[in-house]
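J.: Here's the letter readout for the chains.
There are 2 protein chains.
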Amino acid sequence: MITVRFFLKFSSDTRIGLGKVRLLEAIGTTGSISAAARALDMTYRRAWELLNHMNKAFGQPLVTGRVGSTGGAELTDLGRDVIARYRRIEADTQALAAPHVAALEAVIVADDSGNEGA
Amino acid sequence: MITVRFFLKFSSDTRIGLGKVRLLEAIGTTGSISAAARALDMTYRRAWELLNHMNKAFGQPLVTGRVGSTGGAELTDLGRDVIARYRRIEADTQALAAPHVAALEAVIVADDSGNEGA
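Chains C and G supply the protein sequences, listed in that same order.
10 is the number that this note's numbering gives to position 10 of the first sequence; each next residue is one higher, with no gaps.
Basically this note's numbering = 1-based index in the second sequence + 118.
These are computed hints drawn from the structure, not numbers from a lab.
If you're wondering where the values come from, they're calculated on a predicted model, not measured in any experiment.
Glycine is no exception: its CB is placed at the ideal position from the N, C-alpha and C atoms.
Check each hint, because a few of them may be wrong.
[To be verified] Here are a few chain C residues that sit away from chain G, every Cβ distance over 12 Å (derived from the structure):
id: 1; residue: L40
id: 2; residue: W48
id: 3; residue: T64
[Said to hold, decoys possible] Here are some of the chain C residues that sit facing chain G, going by a computed Cβ distance under 8 Å:
id: 4; residue: T3
id: 5; residue: S11
id: 6; residue: L78
id: 7; residue: I83
id: 8; residue: R85
id: 9; residue: I89
id: 10; residue: L96
id: 11; residue: A97
id: 12; residue: A106
id: 13; residue: V107
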């Protein structure tokens, strides 16, 4: 199976892809950086680093909240906008890529080990 | 500045993105894996590994040629098809993402260090 994945690459070299968008979404859902990190099976420190990279890339915060707090984090308008635009580009990209993906999947020669279907 | 980049992700976890597509294109242009590797500033060994990952993902070759040879490599029909489809998805994705990218670029708060414009 083939899937199409994309990311936004900033001139600062920061990348915003599915992982960071899922983190933003989890913060929106849980209202907490630590709860979001747990839900995504990453450390609080790692979640904070990812958020810090995004905040720096835009020069303004995507999430507000007290550092080290166990609650009280929330998405800014920019954070919500980034999620919405990412998911919109993703849906449109999946749709336009679908016939190409299907054509390429059709030529994959099955692996005898069966791994390709896993 | 923000650019949109994408890649094809296989269930085997192989990814085909801009780097591998550029390698295929360089082989098509130079007719040689070693010349293509030089043009892209990578080792022959690295180029061969990337090709091997792609060949395995599809279960058939994207490039034919003698291993270790300094010439005689050429793209298969599949290799050419992968390049064409990748570049087509890329062009379409850039076009549909353009208004979103412009909107996000407009909210970037300039870094005093000027790094964002570098």
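J.: Next step is simple, just say for each hint if it's right about the structure.
T.: Verification of the hints:
1. At roughly 19 Å, the least C-beta separation between L40 (chain C) and chain G is larger than 12 Å, which holds for a residue marked as non-interface.
2. Every CB of chain G lies more than 12 Å from the CB of W48 (chain C), the least distance being 20 Å, so the non-interface label holds.
3. Non-interface status of T64 (chain C) relative to chain G is upheld: no Cβ of that chain comes within 12 Å, the nearest being about 15 Å off.
4. Of the supplied interface hints, the one on T3 (chain C) holds, with its beta-carbon coming within about 5 Å of a beta-carbon of chain G, less than 8 Å.
5. The beta carbon of S11 (chain C) is positioned within 8 Å of a beta carbon in chain G (closest approach about 4 Å), and the interface hint is therefore held.
6. Given the 8 Å rule on beta carbons, the hint for L78 (chain C) holds: about 6 Å separates it from the nearest Cβ of chain G.
7. The interface hint given for I83 (chain C) is violated, since its Cβ lies 12 Å from the closest Cβ of chain G, which is over the 8 Å cut-off.
8. Below 8 Å, beta-carbon pairs count as interface contacts, and R85 (chain C) has one with chain G at about 4 Å; its hint therefore holds.
9. The beta carbon of I89 (chain C) comes within 5 Å of a beta carbon in chain G, closer than 8 Å, and the hint placing it at the interface holds.
10. The closest approach between the C-beta of L96 (chain C) and any C-beta of chain G is roughly 5 Å, which is under the 8 Å cut-off, so the hint is satisfied.
11. Evaluation of the A97 (chain C) hint against chain G yields a held restraint, the C-beta minimum of about 5 Å falling below 8 Å.
12. With a least beta-carbon distance of about 11 Å to chain G, the hint placing A106 (chain C) at the interface is violated under the 8 Å criterion.
13. Checking V107 (chain C) against chain G by beta carbon gives a least distance of about 6 Å; that is within 8 Å, so the hint holds.
The earlier numbered hints that this structure contradicts are 7 and 12.
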